[in-house]
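Asks: As a plain string of letters, each chain reads:
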Amino acid sequence: MMGIEWLAPVILTVITAATPLVFAAIGELVTEKSGVLNLGVEGMMLVGAVSAFVTATLTGNYILAVAAGALAGMFMAFLFGILTLSLMANQVATGLALTLFGVGLSALIGQDFVGTPVTALAKLNIPGLTDIPFIGPILFGQDALVYLSFVSVAAVSWFLYRTKAGLILRAVGDSHTAAHSIGYSVIGIRYLAVMFGGAMSGVGGAYLSLAYTPMWAENMTAGRGWIALALIVFATWKPGLVLIGAYMFGGITILQLHAQAAGLDLPSQTLSMLPYLATVIVLVLISKDQSRIRKHAPACIGKIFHPAA
Amino acid sequence: MTSKTIASVLGAVAVAGSMLVSANVSAQDKVGFVYVGPIGDHGWTYRHDIGRQAVEKELGDKVKTTYVESVKEGPDSERVIRQMAADGHKIIFTTSFGYMNPTLKVAKQFPNVKFEHATGFKRSANVSTYSGRFYEGRYVVGKIAGKMTKTNVIGYVGSFPIPEVVRGINATALAARSVNPNVEIKVAWVNTWYDPGKEGDAAKALIDQGADIIMQHTDSPAPLQVAEARGVWGVGQASDMHHFAPKAQLTAIIDNWDRYYVARAKAALDGTWKSQDTWAGLKDGMVEMAKFNEAIPADVIKLAEETRDGIINGTIHPFAGPIKKQDGTVAAKEGETLDDGTLLGMDWYVEGVQGKLPK
Amino acid sequence: MLLKIVKRPEPSRAMVYLTPLMALVLTVVCSMGVFTFLGVDPVEALRNFFIVPINNAYGASELLVKATPLILCAIGLSVGFRANVWNIGAEGQLTLGAIFGGGLFVYLHDVDSVFLLPGMILLGAIGGALWAGIPAFLKTRFNANEILTSLMLVYVATLLLSLLIHGPWRDPDGFNFPESRMFSESATMPLILEGTRLHFGTILAIIAVLGTWLMLAKTLVGFQIKVIGAAPKAGSYAGFSQKKIIWFTLLFGGAMAGIAGVSEVSGPVGQLLPSISPGYGFTAIIVAFLGRLHPVGIIFAGLLMALTYLGGETAQINLGLPVAVTGVFQGMVLFFLLACDVLISYRFALNRTGRVSG
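Chains as they are written, first to last, in my numbering: chain D, 451 to 759; chain L, 343 to 701; chain P, 196 to 553.
If we strip away everything but chain D, and leave its shape as in the complex, we get (with noise of 0.2 Å):
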């Protein structure tokens, strides 16, 4: 057994720091899905944040709390959706826009709670169960938020490939036009999916402010929102491979920590660049097979849609 110890640790560390980015890239993988690239997740994930803080701070409500993060990211997504649906607005510039305006109304929401410390999310544990060496806490010791990222994953996975619905919301995205003279609403199917992207990054905010650092700063997202748009490219739109995305982020971004702890005469800064460069060298890998990418990528992405009178 030596030598494996070390590793459940780092394994439940990797867990806690990938949770947020499955939550906001698997909401966005549905909004890209249907043709919307949403780029203010990192705005809908900080609303979420300071709203599910506020409610459990006030209430003691989690799922109250969770509920409230995801209905901020949705408010939010739908900002959106007002402008890019309805109104045919650029949609990287309200993307951008959006971020802005979410930083500024998160920290104006949050200010009379910085500096308040609330309770972490409860972890689940099954005498018996969770006291197994090793997967006992990997499987059976997490909050409920990490296993609902497992289940969203599955299920995303589930409803894009294996349902009517997810055939529908992946045609609107592949060719609009087509989608509409069969007699789809695509402006109606594209707000749903942009409202789920919202609500999905406002609970991965949630998870930021209840779980992973339980508190509320302003900011405290600190760049995750990108990392999750990046994600999602890096996965060539497949739900399955956004997880492992997450996954083999986090867990570089924690191994690198722990090489630092562990004295490796390496220059900080260097490490700390292997997340961002491996996620370009995987990409580069998986990027060969171009007929692959395009079966995945939704051909509409970006595109403005107006439904001919």
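Rather than coming from a laboratory, the hints here were simulated on the basis of the structure.
Bear in mind that the values here come from a model prediction, so they are computed numbers and not experimental data.
There's no promise every hint is true.
Said to hold, decoys possible - List time: in silico DSS-like cross-link candidates among lysine-lysine, alpha-carbon distance up to 30 Å:
1. K438/P with K745/D
2. K432/L with K616/L
3. K438/P with K753/D
4. K753/D with K202/P
Stated by the list, open to error - Per the computed footprint, the stretches of chain P lying under chain D, defined by three or more beta-carbons under 8 Å from a beta-carbon of chain D, are:
5. 331-343
6. 356-370
7. 514-526
What the hints assert, rightly or not - Some but not every residue of chain P turned toward chain D, in silico, with C-beta under 10 Å:
8. L219
9. N279
10. L348
11. V482
12. A483
13. L529
14. A534
We put the CB at the ideal spot given by N, CA and C, even for glycine.
Once you have looked at the hints, place chains L and P on chain D.
Replies: Showing chains L and P alone in chain D's frame:
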């Protein structure tokens, strides 16, 4: 849009136009603060803003304090500082190292305005510098840590390898090894002042590598929270953070700018202000220790208190020799003490710290 | 829905100029409500955001200083965006420009030559182009999506700068603080207006805007970019090389961002610091689209964006408005500007049948 709203818009535009020529006239003297982070960071900037509030409270109606938060180091800071100076502020506190050259540049253009730059080393006729000897607090904590550690590993979450941070690490190592020669310090640099998630992850990595005491030189309470959750000890940074970690916080090293800010603002108002360099520590109350955790044994608390009092009355200097560098060379012989210049530019580890500093 | 959106037969010329004004009016109306809600005198707030920062010559010069890197980055990005090349890593290319340009000074700091500054600008452009060349290579050779590669390289660039400034490029007289030597006279952008910070970089930005305009309007490569952007298939039928366009637009965008970087460090910054840009490369993406990817539009968009930052600072100093309010206000301004643009190509019409279209 109804005609009523259109009318009100036009009215508003007209009012806005007429305000073009009017200017802000105020009888109060203005005291300005430039912050590098948001006041909601609960760290460095948060403490400076507490200092600003102290000025407001102490000097009451005589002054109006203003601040600009999240001002990036570089061109933005020069503009903000200049705008404050041009706007009739009597004294301006610029609270980040990166504001050094912009502060000096603006000060040259506004010889009648007083400037106070935190943590820098360049001064002029109307620019003072000030900073806290936070390493004194680290030294007190180091004594406690050396006594309290069971694994003999102290984990240190670092921001950037600048002298200020290196000094804190070294002070901790010297103190800890003076009471427990087996102590080693492991450092994990997160390359940011502020990213709660990453800071927490670094703390977890250090704990996984055997640390049972977590120290930090980053801004958020996340490492301390991790210490609480993992059942090891932690140390509060900048503020007393015991409400984030009631069990784990051994003590906290508090930045207290209140007294300094009030005194310097007063001096600027009554004309006694002079350019000076202040590097104040426990003695002057710019660095304070939070209440020691009740779980610390009495003899260790006594040792910590003696160390603190010794630093205050001058019998203890954290960087008194003998001091050996990490590579074994002697930095200070028995009886020698490192001078402030050496401390200011410290870019080497003492014995007992693991890892290498970038050169 | 009573209203429906109908496509105009062709884009309205009048609306191109009218929509920004409409957005302004909407911003004024809405922010009245928001500021009142926050307990701030709305007229004072708007005055501080839009008028006070530029009601004197110095303020106006500061607006140009702030807008210069935004316009430089945005003009470079706009060319790529027209051809559907999604370079979102201008921030990293800007950083590399600063490293290459500033690095020349670090190694030649005792050289006093009129060629030093031109050399730095040239190297800055090369540095930015090289950094953008990586996504171009990975895209054309390995089909790797440039959104991810250019974004990841931003983080790598920032860490690279940090490594250099904390290590070998430190000022030897700087007590080991992370900053380079102050740039000498011959490594500093000449001032255009004494007593202000308005520097030669602004002229570079104007040249870049004019040059880009000419390139898009008059050259074959400009024509190819527009065709490929509008109809990729038509472009390939016409025999345009998609790869060539990817290379060209990325290198061009990188070079512009690189010049922005070197113009910042040898202009208002005056030395290399660990953080040399408050996210200009990202903000420039908004600027590019706000300016509708048109060189003239980008100038206006850059100035407006810069003004909201200056206004935010003024509002903090004079009214004590927290920086958070600036973010909310900026978001609002941008939302209105982007939303009003719908009227250029579309118009609202009464939905007489009462049926919801779409």
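Asks: State for each hint whether it applies.
Replies: These are the hints, each one checked on the structure:
For the hint linking K438/P to K745/D, the alpha-carbon distance of about 21 Å falls within 30 Å, and the restraint holds. About 13 Å separates the Cα atoms of K432/L and K616/L, which keeps this hinted pair within 30 Å; it holds. A threshold of 30 Å between alpha carbons decides the hint, and for K438/P with K753/D the separation of about 22 Å falls inside it, so the pair holds. For the given pair, K753/D sits about 16 Å from K202/P by alpha-carbon distance, which is consistent with the 30 Å threshold.
Counting residues of the region 331-343 of chain P whose beta carbon lies closer than 8 Å to any beta carbon of chain D gives 7, which meets the minimum of three for the stated coverage. Judged by the Cβ-Cβ criterion of 8 Å, the region 356-370 of chain P is covered by chain D as claimed, because 4 of its residues qualify and three suffice. Given a C-beta distance limit of less than 8 Å, the hint that chain D covers the region 514-526 of chain P holds, as 10 residues qualify and 3 suffice. Violation of the interface hint for L219/P is found here, the shortest Cβ-Cβ separation to chain D being roughly 16 Å, above the 10 Å cut-off.
A distance limit of 10 Å between C-beta atoms decides the matter here; for N279/P the minimum to chain D is near 9 Å, and the interface restraint holds. With a least beta-carbon distance of about 7 Å to chain D, the hint placing L348/P at the interface is held under the 10 Å criterion. Hint status for V482/P relative to chain D: holds, with the closest Cβ pair at about 9 Å, below 10 Å. For A483/P, the interface hint holds, since its Cβ comes within 10 Å of a Cβ in chain D; the closest pair sits about 8 Å apart.
The interface hint given for L529/P holds, since its Cβ lies 4 Å from the closest Cβ of chain D, which is under the 10 Å cut-off. Given the 10 Å rule on beta carbons, the hint for A534/P holds: about 5 Å separates it from the nearest Cβ of chain D.
Going through the hint list in order, the structure does not satisfy hint 8, though it satisfies all others.
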